[in-house]
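If you want the building blocks of each chain, they are given just below.
2 protein chains.
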Amino acid sequence: MNAPDSSNALAARSELPDLMQTLGSQAKTASALMARAPSAIKNKALAGLAALLRSQIAPLQAANTLDLQRATAAGLAGPMLDRLKLEAKTLETVALGCEQLAAMPDVIGEIIGMKQQPSGIRVGQMRVPIGVFGMIYESRPNVTIEAASLAIKSGNACILRGGSEAIESNRALTALVQQALTQAGLPADAVQLVPTTDREAVGLLITMPQYVDVIIPRGGKGLIERISRDAKVPVIKHLDGNCHVYVDDPCDIAMAVSVADNAKTQKYSPCNASEGLLVARGVAAEFLPKIGAIYAAKGVEMRCDPEAQAMLAKLPGAKVRSATEQDWYEEYLAPVISIKVVADVDEAIGHINKYSSHHTDAILTRDHMHAQRFLREVDSASVMVNASTRFADGFEFGLGAEIGISTDKFHARGPVGIEGLTSLKYVVLGQGQVRS
Amino acid sequence: MNAPDSSNALAARSELPDLMQTLGSQAKTASALMARAPSAIKNKALAGLAALLRSQIAPLQAANTLDLQRATAAGLAGPMLDRLKLEAKTLETVALGCEQLAAMPDVIGEIIGMKQQPSGIRVGQMRVPIGVFGMIYESRPNVTIEAASLAIKSGNACILRGGSEAIESNRALTALVQQALTQAGLPADAVQLVPTTDREAVGLLITMPQYVDVIIPRGGKGLIERISRDAKVPVIKHLDGNCHVYVDDPCDIAMAVSVADNAKTQKYSPCNASEGLLVARGVAAEFLPKIGAIYAAKGVEMRCDPEAQAMLAKLPGAKVRSATEQDWYEEYLAPVISIKVVADVDEAIGHINKYSSHHTDAILTRDHMHAQRFLREVDSASVMVNASTRFADGFEFGLGAEIGISTDKFHARGPVGIEGLTSLKYVVLGQGQVRS
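Residue numbers (full-length UniProt numbering), protein chains in the order written: chain A, 1 to 436; chain B, 1 to 436.
Hints listed in this document are in silico derivations from the structure and should not be mistaken for laboratory results. We put the CB at the ideal spot given by N, CA and C, even for glycine. The reader is advised that the hints may include incorrect statements.
Pairwise CB distance ranges, derived in the manner of DEER restraints [claimed, not checked]:
1) A:Ala285 to B:Ser436: 23 to 33 Å
2) B:Gly78 to A:Asp230: 37 to 47 Å
3) A:Thr207 to B:Glu325: 19 to 29 Å
4) B:Ala343 to A:Arg70: 48 to 58 Å
5) B:Ala285 to A:Asp230: 50 to 60 Å
6) B:Ser55 to A:Asp230: 47 to 57 Å
7) A:Met114 to B:Ser436: 39 to 49 Å
8) B:Thr29 to A:Thr182: 49 to 59 Å
9) A:Ser164 to B:Ala310: 55 to 65 Å
10) B:Gly120 to A:Glu419: 21 to 31 Å
11) A:Asp230 to B:Gly219: 25 to 35 Å
12) A:Pro17 to B:Leu81: 42 to 52 Å
13) B:Glu325 to A:Ile57: 44 to 54 Å
Here chain B is said to cover these stretches of chain A; the calculated rule only asks that three of the stretch's residues, wherever they fall, bring their Cβ under 8 Å from a Cβ of chain B [claimed, not checked]:
14) 27-37
15) 391-400
Pulled out of the complex, with its shape left as it was, chain A reads as follows (with noise of 0.2 Å):
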């Protein structure tokens, strides 16, 4: 029902409540389907897809086209035009992700701690799709198959709603992925595009609790605090990356010298680069000045608390200012870093559980008893000993995929693969027991 061409019938306004409950309708039906395929047959749909991403190249660039025109006479800026273009090379990393997800083992239908009871049952847990997720997304095009491929091996459905600046693109991606489930005999229903770019859409989509299992908004801070205080059901959200580095005493300098340049600088605009640098005062004044001349190097500015400053603000060419309250909890995605001296691991994990965005943190310590107490006390999604924040993502985690991070302790915490779209139902084997 969804098919390219259908979206100029449903313009009216009125008709979109029942365009999402068709849409939400179908993908619970297609979602019952799904949870009983054999792994073979969503492999063999993941293989396909990867195969007509490979063989559709010229028409999915015409549609991408459009979207680029459209964008170009909008006015579009040059990163954002960059992050809608489908480039070869982009539908060829697509691609190689289908495959790889087609390559790893199946999770669902696993049994886990099957265990026998006093009464001699046998009670253990199966790993079963969630059933159908939403998924709200901006312009990038390439999340509509990351999406689609991750629902496919999941056997979830999902029903996608990404940016309207990429709608020809995610229409022409989304006929591909139907093609695909169609031809492994998986009902095409399984992912399904909002055909239409109307706002109304997504407050419709969020709040059918009877269709859709879970929402996962990909996408701005305003977007995802939208939707999470509107939707009727749960949301897997992320919201802010205010990771830290904590450069312990006694610790090996030039490893935190490298690690605290690593995790600013590496990109400054992932969620997982650090934006807050703590630093014992045991070693402040033999490490500072090392991380200071990297940081001034590459036009880093540092906001630093006046301990920090006085060590800091010598360094020729360095941006150096005072830190104000607000800086301890910015995430600046930019070359600015919050740079504070702190006593000792103590007064670094109060002040990450007070200011970080409970995402990444980091400790680098020779210090075993510090280690274990940073990552048992720190309460973050992810906990770091001598490593650079970048690592936390899914595929660094080994998880094969990764669907979003979330920020939240509720269900899935930290980067989300194919378990976060899972759930665990309780099985029972008997032999006829009875309760007494």
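Since the structure of chain A is provided, determine the placement of chain B on it from the hints.
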């Protein structure tokens, strides 16, 4: 601050928001201390609580008597009074529960799945407390101890909101919990009781995401629906238990009769009692008269589809009537059962997935393929083969404790024990790795 005698001071409605903020803030502070408490200390608090429950029977019963007198004066009926009463044997049961929890292994700090990744970092997941839970429950005061002891063992803090009819009992019990916490060196604020019976307190408790991580309501469907609708934090919710037994072809008829009897009649009021009986056509003529005779003898009313009705109508003494569409959805919690003859396991699975409340459903069969399909395809929190639905229970499942039964798919599903009050955070161990 929530001393038993403080409630009069905050009678003014205008002070309630401040009171709830204070409870929340104190719980949050306590939760950080609980999260890092050693197992031995938490177990000491649980053992101390058990000892206090045994040594303080007289003062507890004196407080309980105040509740009972007030309830009697208000015209509360027999079974409601029974639920409210703190008998010596009830106190002994919860004291034993505390000791059993103390004897269980501590799951907090456990690290699972630690694996080396291609970058050289090792990545695993650590089980940590979820933080602060709010528990909203009705008359039984022993739930206060069950919730408090689970909070202590799981390293969480909790805010308890018991029924107004049990306020004196709950105050006395909470005072003992806080005494046990203090004696063990843990923060008394780890377990706090909302010290007022003002109904507005619930609305405030469920809308403090800055302090409360999850709400667990226990009570009627209306209460739970209201809380789910208004909460601004996740809710572990248990709505209704419309559980089914499906008698397959082929099956051991004697076993099927025994289990179908137990699932319905062993107790009528629990959520895991069966409300619907589905029978494969091939065994209906043999099975239905046998179970029908038992139900008739026990006074169980049978609401049947035409086919089952034809087989049961002439049973001596049987209360048999036609089922309406609504009957298939009904949670009777009474000596009533709906009965339907189905063609096969496919129709049974279809019926259950349409009408059941996704709580607990069982197949009674000798067919391995049917059993496998039922386990995989029935979309319920607990699915069973050849066992009574009455086993769906945290203790019977070996969880050691139960704080509720979740009919959701998100986070916790089915009986919720300590693990449902925890989350998994990623732990990364490196030797100075940086991202390239």
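Evaluated hints:
1. A:Ala285 to B:Ser436: 23 to 33 Å: At 30 Å between Cβs, range holds.
2. B:Gly78 to A:Asp230: 37 to 47 Å: holds, 46 Å
3. A:Thr207 to B:Glu325: 19 to 29 Å: holds, 26 Å
4. B:Ala343 to A:Arg70: 48 to 58 Å: Check passed, 54 Å falls within 48 to 58 Å.
5. B:Ala285 to A:Asp230: 50 to 60 Å: holds, 54 Å
6. B:Ser55 to A:Asp230: 47 to 57 Å: holds, 52 Å
7. A:Met114 to B:Ser436: 39 to 49 Å: holds, 42 Å
8. B:Thr29 to A:Thr182: 49 to 59 Å: Roughly 57 Å apart at Cβ, these two residues keep to the hinted range, so it holds.
9. A:Ser164 to B:Ala310: 55 to 65 Å: For Ser164 (chain A) and Ala310 (chain B) the Cβ distance comes to about 59 Å; the hint holds.
10. B:Gly120 to A:Glu419: 21 to 31 Å: holds, 23 Å
11. A:Asp230 to B:Gly219: 25 to 35 Å: holds, 27 Å
12. A:Pro17 to B:Leu81: 42 to 52 Å: holds, 49 Å
13. B:Glu325 to A:Ile57: 44 to 54 Å: Holds, at about 53 Å.
14. 27-37: Check passed, 3 qualifying residues.
15. 391-400: holds (count 5)
This entry satisfies every hint, going by the numbered hints stated previously.
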